[in-house]
Amino acid sequence: MKELVILSGKGGTGKTSLTAAFASVAENGVLCDADVDAADLHLLMHPDVREKTDFMGGNIAKIDAEKCTMCGQCIDLCRFDAIRDDFVVDEIDCEGCGVCVDLCPEQAIDFPVVKCGEWFISDTRFGAMVHARLGIAEENSGKLVTLVRQEAKKLAEAKHMELIITDGPPGVGCPVIASVGGATALLVVTEPTVSGLHDMQRLLELAAHFKVPSMVCVNKFDLNMEQTAAIETLAAEKGIPFVGKIPFDPEFVKSMVVGKTILEYRQEGELSSTIKQIWKRIQENL
Amino acid sequence: MIISVASGKGGTGKTTVATNLAVSMGTGVQLLDCDVEEPNAHLFVSPKIEQSETVFTAVPEIDTDKCTFCRKCSDICRFNVIAIAGKTILTFSELCHSCGGCMAVCPEEAITEVGRDLGQLEQGTFDAGEFVHGRLRIGEAMSPPLIKKVREQIKPGKISIIDAPPGTSCPVIAAMKDTDFVLMVTEPTPFGLHDLKLAVEAVKMLGIPHGLVINRSDMGNDDVWQYARAENLPILMEIPFDRAIAEAYSRGRLIVEAMPAWKGKFQELFSRIEQLSKARENRN
Chain A
0 MKELVILSGK GGTGKTSLTA AFASVAENGV LCDADVDAAD LHLLMHPDVR
50 EKTDFMGGNI AKIDAEKCTM CGQCIDLCRF DAIRDDFVVD EIDCEGCGVC
100 VDLCPEQAID FPVVKCGEWF ISDTRFGAMV HARLGIAEEN SGKLVTLVRQ
150 EAKKLAEAKH MELIITDGPP GVGCPVIASV GGATALLVVT EPTVSGLHDM
200 QRLLELAAHF KVPSMVCVNK FDLNMEQTAA IETLAAEKGI PFVGKIPFDP
250 EFVKSMVVGK TILEYRQEGE LSSTIKQIWK RIQENL
Chain B
0 MIISVASGKG GTGKTTVATN LAVSMGTGVQ LLDCDVEEPN AHLFVSPKIE
50 QSETVFTAVP EIDTDKCTFC RKCSDICRFN VIAIAGKTIL TFSELCHSCG
100 GCMAVCPEEA ITEVGRDLGQ LEQGTFDAGE FVHGRLRIGE AMSPPLIKKV
150 REQIKPGKIS IIDAPPGTSC PVIAAMKDTD FVLMVTEPTP FGLHDLKLAV
200 EAVKMLGIPH GLVINRSDMG NDDVWQYARA ENLPILMEIP FDRAIAEAYS
250 RGRLIVEAMP AWKGKFQELF SRIEQLSKAR ENRN
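Line by line, the protein sequences are chains A and B.
Heads up, the first sequence is in numbering that gives the first Met the number 0, so the first residue is 0 and it goes up one at a time.
Heads up, the second sequence is in numbering that gives the first Met the number 0, so the first residue is 0 and it goes up one at a time.
Chain A extracted, bound-state conformation (with noise of 0.2 Å):
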C-alpha cells in the first residue's frame, strides 16, 4: 500500500483544492486529511460520517481549592507560567506536565484527562475518507495527525485498497512532521512567488530530513514564469520529480463554492486535462 501525502509549506496553494480533484480520478484509495487545525477537504467531499470517535490528547491541571494550602510551590515550579496568582489553572496555557500535580504537597491538583478534537471514518462519493477536527486553542495536534493517517491505514487494509491520499497540514513544524514519517512520497505544491519558493525549500529540506521522497507541482505558474521556471530548475538540480503546472484559473474558486472538486466542475478542457496528467505523472513516480 501507498501513500501520497501533499503538503506546500507556505498555506493557500492548492494542496486541498488538488487534493479533492485527484480523489476523483484515484482509483481503489482511502482518502485522509490531515489538516486537523483548519480541516477543509470535508467541504468538497461531503462525507457521510459513519463512526465518530473522540480524540483525548492530554491532561490538564485542575487545582482543588478546598485541599490547597496556596503554598505557591506549583506557581514556582510551572514553566509554562499556567498558574496564576489566586491557584487557578489557566487551561490554555497548561502544557500538561503534570509535574505541579506530582510535587504538590497537599495532593491537591488533579490531572485529568481532556477531549481535544474528534475524529472520524466517512463514506463519501469518492469512497472512504478519515478526517478530524481538532480543538480550538488545542495541543496535541501531530498526535491527532498520527492517528488519522493509522486509521487511513488500517481502513486501506481492511478494505484492501491500494493508495492513500493525505491532504496535509501548512508549514513545516510539528503536525507536518507527523504527516512525513512513513510516507511513500510527498507532492509539494507551490505557487510562482517568493514566498512559495522560499517555503518550498524549507519544506524539501524536511524531507529531506526525514528521507521521504518529494515531487513538485506549480499551482496558478503563469502568474510569474520566471518564478516558475526558478522551481522547476531547483527541482531539476534536486533531481526531484517536477510532474506538471496548473494555469491560474477562477474555476477553482467557482468549483469551490458549489462543494465540488474542479474536475466535477469542468469535465472537458485544458485544465482538467492537465490536472490529469499531473495525477498520472504523480502515479508513475508513486
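Bear in mind the hints are in silico, worked out from the structure with no lab data behind them.
Just so it is clear, CB atoms sit at the ideal spot from N, CA and C, and this is done for glycine as well.
Heads up, a few of these hints could be off.
Said to hold, decoys possible - If you anchor each label on the Cβ, the simulated ranges turn out as follows: (1) A:Val87 <-> B:Cys69: 32 to 38 Å; (2) A:His208 <-> B:Glu246: 31 to 37 Å; (3) A:Asp122 <-> B:Gly138: 34 to 40 Å; (4) B:Asp116 <-> A:Lys275: 40 to 46 Å.
Once you have looked at the hints, place chain B on chain A.
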C-alpha cells in the same frame, strides 16, 4: 499597542496585510514575524539583519556516574523522554517540553539542563522601523517557545505588528495571546470562511477585540459578509483581486509600492484598529 494578524486558513494574505500596514505607518514600527515555520515577511520588507542568535530550549542531560537508576525522572515525564532499562538510560530530547520535572524530582542532582536548538532569532531594521523574526530549525517540531522568544522582543509603547502563523492551535495562540487587537484576514471562499469561523472562536476565547480584512474580495460568494453581519464583526478593509497585486506579490513587492494609493487605505485601516481597541478599553 500590539496588533496580531491572523487568519485560520493559510495563504489568505496575512503577510501582505502585516507588511503593507507596517510600512504605511511611517517610522518607529516594530514588525514581528511569528510564523516561524515559514517566515515570509522579510521577503517583502528586506530588513537589514543586525543580530542573529540561536534559541535553545532546555532538555535534560543525565550524569550516569551520579544516577542511581531510581526511575523518578522517567516516572514524572509525560512525554516519554527518558527511558531506563537496567543500567542504560536513553534520552529522546526531541520529545522534551522543557518542563523541568525530571530535574525537580532527581534525588541525586544527577540531571542538568542542556540546550536543544529550536532555531534562529534574527533582528534588524527596515524602512518603517525594527524587524524581528524567528526561523524554526528544520526538523524541530515545537514552534511555540520560539514564537514566545520573538514576542519577548516587543518594546512597550511602540506599535508592534505580529504576523501570525495559520491554523487555530498552539502556535497561533502563542502569537495572538495578550495582544491588543487581532486583525483577521480572510477570503470570501468556503475554505476561507470555514477556517475564519474557527479563528474567530479562538480569538473570542482569548477575549481580544478583532476585525476583518477581506482579501480577493471579488472571488467567491457573499457568505462571509453575512457571517460578519451576524457576528457583528467589523469589516475594516476589502482588497479586490487584482492581477497587478498578485504579480507584485509574486516578486516580493508590496502593494503600497506597486500602487501607492493603497498607503492611505492602510493608514485608515490602522486608525480604525486604534478606534476599536480604544473603544474596548473605555468600556472596560
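Results for each hint:
no., hint, in the structure
1, A:Val87 <-> B:Cys69: 32 to 38 Å, "33 Å, holds"
2, A:His208 <-> B:Glu246: 31 to 37 Å, "33 Å, holds"
3, A:Asp122 <-> B:Gly138: 34 to 40 Å, "37 Å, holds"
4, B:Asp116 <-> A:Lys275: 40 to 46 Å, "44 Å, holds"
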